[in-house]
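A.B. asks: Sequence:
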Amino acid sequence: ASPQKVVQPTPQALPSRSGPNSILVSPRQKGNPILTFIKSHAWEYSDIPSDYVMGATTCALFLSLKYHRLHPEYIYNRIRALGGKYLLRVVLVMVDIDNHEESLRELSKTSLINNVTLILCWSAQEAGRYLEQFKTYENAPATQIKAVQSTSFPDRLVDFITVPRSINKTDAVGLVSNFGSLRTAVGARPEEISLIAGWGDKKVKNWCAAVNEPFRKRQAARKSLAGKQDRPIPAAGQRSRPSATESPARAARMGVGQAIGVDDSLPPPLTRNTSRRDADRRPSARPAETLDVEDAEADAEGAMREALLPEASSKSARGTSASNEASKSKKAVEPDLSEGVMAALAKLRDQ
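Positions in the sequence shown are counted from 1; adding 3 to them yields my numbering.
To be clear, the hints were calculated from the coordinates, so they are not data collected in a lab.
Note that the structure is a prediction, hence the values are computed from the model and not measured.
Where hints are given, some of them may not hold.
Below, simulated DSBU-like cross-link-like pairs (lysine-lysine); rule was C-alpha separation at most 30 Å, straight line [said to hold, decoys possible]:
#1 69 <-> 33
#2 112 <-> 149
#3 69 <-> 112
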């Protein structure tokens with residue numbers, strides 16, 4: 004007899020993961036007044052790492068700020084014990100103290116670091132209502148919080164016009180019906196728009212400001228204007244334009260401000276010889292070489308003055324003594340010359 008053929012079972016698609024129909028509560032929450040306010044959904048105790056489980060991927064931890072002040076390490080240990088088991092992890096905080104700012108600031112930092120959602124409640128009834136809402140919208144689609152996307156052209160046109168504040172759908176329809184097209188409405192003057200029924204000064208002002216506002220950010224425009232106002236410092240060898248604070252004589256030399264007759268021809272523009280690059284030109288004199296020669300000459304002149312100073316002093320002393328002796332001899336000769344002259348005159352008289 005031939006062996007029987009083995010038939011493999013057909014794989015079946017597993018159903019999507021769904022959470023329990025009731026809210027799971029940890030035994031740690033026995034005696035919590037929140038449980039008395041969970042009425043729209045059934046709840047039951049279960050061995051879970053969190054305090055409450057509202058769905059397959061949603062859990063919650065309960066924390067009282069009074070207990071947090073006494074045991075600040077409690078919530079950190081509980082968050083660490085969750086691991087990566089749930090996608091949405093909520094920390095339900097009961098604000099039951101007056102000075103709660105510092106504690107909430109610390110918990111906010113913790114929620115950002117550990118990827119948890121912080122929800123505050125001021126009463127047990129409010130906390131129970133939060134748990135019920137999470138369970139109610141466990142499998143709800145996101146259409147309730149999603150904005151409606153317009154598909155037709157009139158709807159998109161109305162959405163565009165109602166972007167400025169205080170302009171509603173009726174105003175948008177009146178604007179397009181009066182001007183015929185959006186292009187004409189955008190280019191209309193404020194006086195023309197104010198003639199439409201229902202358009203006051205505030206609506207006209209908001210509409211004109213919205214359509215005339217530049218697409219470029221104001222902050223970027225301010226930066227560009229500030230960059231234009233900052234004038235660069237000219238490098239060595241470059242000529243800068245004369246500013247208003249410079250001497251007017253320089254402007255006169257440049258020919259600025261001179262009157263030109265009607266019949267006079269304009270002077271030809273100044274031409275620069277660009278056949279040879281400025282970098283290849285050799286200056287007529289180098290400042291470094293001039294300074295070195297002048298310093299060497301000054302040093303040599305000083306040394307010569309120091310060497311000739313004793314000789315000059317001795318010569319001046321000798322000259323002073325010689326002049327004194329000449330003056331004394333001159334004084335002695337003057338009386339003799341006067342007596343000879345007198346004798347010669349007497350002889351001439353006798354003859």
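A.B. asks: With reference to the structure, classify each hint as holding or not holding.
C.D. replies: For each hint, the structure was consulted:
1. Taking the CA atoms of residue 69 and residue 33, the gap is near 18 Å; set against the 30 Å cutoff, the hint holds.
2. About 29 Å separates the Cα atoms of residue 112 and residue 149, which keeps this hinted pair within 30 Å; it holds.
3. Between residue 69 and residue 112 the alpha-carbon distance is near 19 Å, which keeps this suggested pair within the 30 Å criterion.
Hint violations for this structure: none, all hints satisfied.
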